[in-house]
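J.: Now for the letters of each chain:
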Amino acid sequence: GEDVEQSLFLSVREGDSSVINCTYTDSSSTYLYWYKQEPGAGLQLLTYIFSNMDMKQDQRLTVLLNKKDKHLSLRIADTQTGDSAIYFCALVYNTDKLIFGTGTRLQVFP
Amino acid sequence: GAVVSQHPSWVICKSGTSVKIECRSLDFQATTMFWYRQFPKQSLMLMATSNEGSKATYEQGVEKDKFLINHASLTLSTLTVTSAHPEDSSFYICSSWTEESAETQYFGPGTRLLVL
Chain A
51 GEDVEQSLFL SVREGDSSVI NCTYTDSSST YLYWYKQEPG AGLQLLTYIF SNMDMKQDQR
111 LTVLLNKKDK HLSLRIADTQ TGDSAIYFCA LVYNTDKLIF GTGTRLQVFP
Chain B
649 GAVVSQHPSW VICKSGTSVK IECRSLDFQA TTMFWYRQFP KQSLMLMATS NEGSKATYEQ
709 GVEKDKFLIN HASLTLSTLT VTSAHPEDSS FYICSSWTEE SAETQYFGPG TRLLVL
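Residue numbers (our numbering), protein chains in the order written: chain A, 51 to 160; chain B, 649 to 764.
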């Protein structure tokens, strides 16, 4: 089956950039997603990228996709304390099902 | 964007009782909804796909007799945890694709279940 891996934890200083990485094994997903989950809450869709794109920028967020290496990343510019949360990458499999990465806990300190 | 709601947001029950969780699409019709389970500090795991007017399809390892899914209308899917036990304590989240946005899946706010 599909494996989607993320590093568990990332700690950054407020104002710095954060880069959250995601690696996967199956490259058939048409879209690749980044979701944010705050403590005790549901999932918030942050952004997504079409599989034929290499990069997508959306305000402070930049998504990079390296299909050859099966690597997806999310860069958050000017990270704020409100960005502290768990971030999940997700891919589509079997046409309409999402498989989630293991999640990266981002901690932003002043 | 599309809104998916869940009810209740929190439920505490005694071991052996059954708990029903509702998932509603508020401003769109959802022929298919998905149910996920998330244990503390873990990722979301797909439990089943709920299909309006037909039987749900369950992922491998998920007991269909324990997690009953009913999708009787285009805006409502329910998940019933039957004879709940402490190991069923988890965060249950539903989601759906929308007709307008075939690229994105919208998630409900989740239901936290604690079985004592």
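Any given hint might turn out to be false.
What the hints assert, rightly or not - List of simulated lysine to any residue pairs, SDA-like, C-alpha gap at most 20 Å:
| hint | chain 1 | residue 1 | chain 2 | residue 2 |
| --- | --- | --- | --- | --- |
| 1 | B | 689 | A | 53 |
| 2 | B | 689 | A | 88 |
| 3 | A | 117 | A | 100 |
| 4 | A | 147 | B | 763 |
| 5 | A | 147 | B | 733 |
What the hints assert, rightly or not - Examples of chain A residues lying across from chain B (beta carbon under 7 Å, computed):
| hint | residue |
| --- | --- |
| 6 | 134 |
| 7 | 135 |
| 8 | 148 |
| 9 | 150 |
| 10 | 156 |
Rather than coming from a laboratory, the hints here were simulated on the basis of the structure.
We treat Cβ as the ideally placed atom computed from N, Cα and C, and that holds for glycine.
J.: Look at each hint and say if it fits the structure.
T.: Here is how each hint holds up against the structure:
1. 689(B) with 53(A): holds (18 Å)
2. 689(B) with 88(A): Holds - the C-alpha atoms of residue 88(A) and residue 689(B) are around 12 Å apart, at most 20 Å.
3. 117(A) with 100(A): holds (11 Å)
4. 147(A) with 763(B): The given pair, whose Cα atoms are some 28 Å apart, is violated under the 20 Å limit.
5. 147(A) with 733(B): With Cα atoms ~28 Å apart, residue 147(A) and residue 733(B) exceed 20 Å; violated.
6. 134: violated (15 Å)
7. 135: Violated, because the Cβ-Cβ distance from residue 135(A) to chain B comes to roughly 13 Å (cut-off 7 Å).
8. 148: Hint on residue 148(A): holds, closest Cβ of chain B at ~6 Å, below 7 Å.
9. 150: OK, holds: residue 150(A) within 7 Å of chain B, min 5 Å.
10. 156: violated (14 Å)
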